[in-house]
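Q: Chain by chain, the residues:
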Amino acid sequence: DAMVIQNPRYQVTQFGKPVTLSCSQTLNHNVMYWYQQKSSQAPKLLFHYYDKDFNNEADTPDNFQSRRPNTSFCFLDIRSPGLGDAAMYLCATSRQGWGTEAFFGQGTRLTVV
Amino acid sequence: KQEVTQIPAALSVPEGENLVLNCSFTDSAIYNLQWFRQDPGKGLTSLLLIQSSQREQTSGRLNASLDKSSGRSTLYIAASQPGDSATYLCAVQKAGKSTFGDGTTLTVKP
Numbered sequence: 588d589a590m591v592i593q594n595p596r597y598q599v600t601q602f603g604k605p606v607t608l609s610c611s612q613t614l615n616h617n618v619m620y621w622y623q624q625k626s627s628q629a630p631k632l633l634f635h636y637y638d639k640d641f642n643n644e645a646d647t648p649d650n651f652q653s654r655r656p657n658t659s660f661c662f663l664d665i666r667s668p669g670l671g672d673a674a675m676y677l678c679a680t681s682r683q684g685w686g687t688e689a690f691f692g693q694g695t696r697l698t699v700v
Numbered sequence: 315k316q317e318v319t320q321i322p323a324a325l326s327v328p329e330g331e332n333l334v335l336n337c338s339f340t341d342s343a344i345y346n347l348q349w350f351r352q353d354p355g356k357g358l359t360s361l362l363l364i365q366s367s368q369r370e371q372t373s374g375r376l377n378a379s380l381d382k383s384s385g386r387s388t389l390y391i392a393a394s395q396p397g398d399s400a401t402y403l404c405a406v407q408k409a410g411k412s413t414f415g416d417g418t419t420l421t422v423k424p
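Same order as they appear, the protein sequences are chains A and B.
Under our numbering, read the first sequence as residues 588 to 700, first letter to last.
Under our numbering, read the second sequence as residues 315 to 424, first letter to last.
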């Protein structure tokens, strides 16, 4: 059974139109992450939550926001998607963050038209 | 800033061959190193996790080693199969964040 679930698997949005990607987990892990992965590149960490504490990476554009309303769910909001934001977005969880295994969802492929 | 390098970027082998994928990292002060598999258009599947105090981990035909002092890890795949074809990524974790390499794309030919 899937433990980290991302919806939708594929998302098409218009240039400049806000879009939200969702992630849920059944592992009851403390930490949830959002990564952006462009073609043939390494996943790049955007931000992560340790419980309710939000940690933004220094080079994450302001266009990207996140919400974690409870332990199970985390959302990635892109306020004004540009063509350069087309990518695979990966959600991951880990129990404590450091020294513990990370589990990834299947990703959401975002296309911007 | 941690940098993770994976060599080679792509590898093609005939079925049945044993192979080694390499991962190197610049900052040896890591908590753990994790190897993942990624199929085209899919998410990441965890293969092996090596804690910083460990030297190796094994799962089936896979064996991962870690030499933290030299900043290196290898993933050994025994008796490769066409189903092993995928991109393999390594990631080092420190302070709750993982830094990934760009991956090695493996093709195993029948």
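Check each hint, because a few of them may be wrong.
Below, a list of computed lysine-lysine pairs in the DSS-like style, where the Cα atoms sit at most 27 Å apart [to be verified]:
1) B/K423 - A/K639
2) B/K408 - B/K382
3) B/K408 - A/K631
4) B/K382 - A/K604
5) A/K639 - B/K382
6) B/K315 - A/K631
7) B/K315 - A/K604
8) B/K382 - A/K631
9) B/K423 - B/K315
10) A/K631 - B/K423
11) B/K408 - A/K625
The set of hints was computed from the structure by calculation and includes no laboratory data.
Q: Give a verdict on every hint.
A: A quick look at each hint next to the structure:
With a C-alpha separation of about 47 Å, the suggested pair B/K423 and A/K639 falls outside the 27 Å cut-off, and the hint is violated. Proximity of B/K408 to B/K382 is assessed by CA-CA distance (about 13 Å); at most 27 Å being required, the pair is judged to hold. Restraint check: the Cα-Cα separation between B/K408 and A/K631 comes to about 15 Å, which is no more than 27 Å; the hinted pair holds. Distance check on the hinted pair: B/K382 and A/K604 sit about 45 Å apart at the alpha-carbon level, beyond 27 Å; violated.
A hinted pair counts as satisfied when its Cα atoms are at most 27 Å apart, and A/K639 with B/K382 does not qualify at roughly 32 Å. Only pairs whose Cα atoms come within 27 Å are accepted, and B/K315 paired with A/K631 is accepted, the gap being roughly 14 Å. About 34 Å separates the Cα atoms of B/K315 and A/K604, which puts this hinted pair outside 27 Å; it is violated. Of the supplied pair hints, the one linking B/K382 and A/K631 holds, its CA atoms being roughly 23 Å apart against a limit of 27 Å.
Of the supplied pair hints, the one linking B/K423 and B/K315 is violated, its CA atoms being roughly 38 Å apart against a limit of 27 Å. Under the criterion of a C-alpha separation no larger than 27 Å, the hint pairing A/K631 with B/K423 is inconsistent with the structure, at around 31 Å. Simply put, B/K408 and A/K625 have alpha-carbon atoms about 23 Å apart, close enough for the 27 Å limit, and the pair holds.
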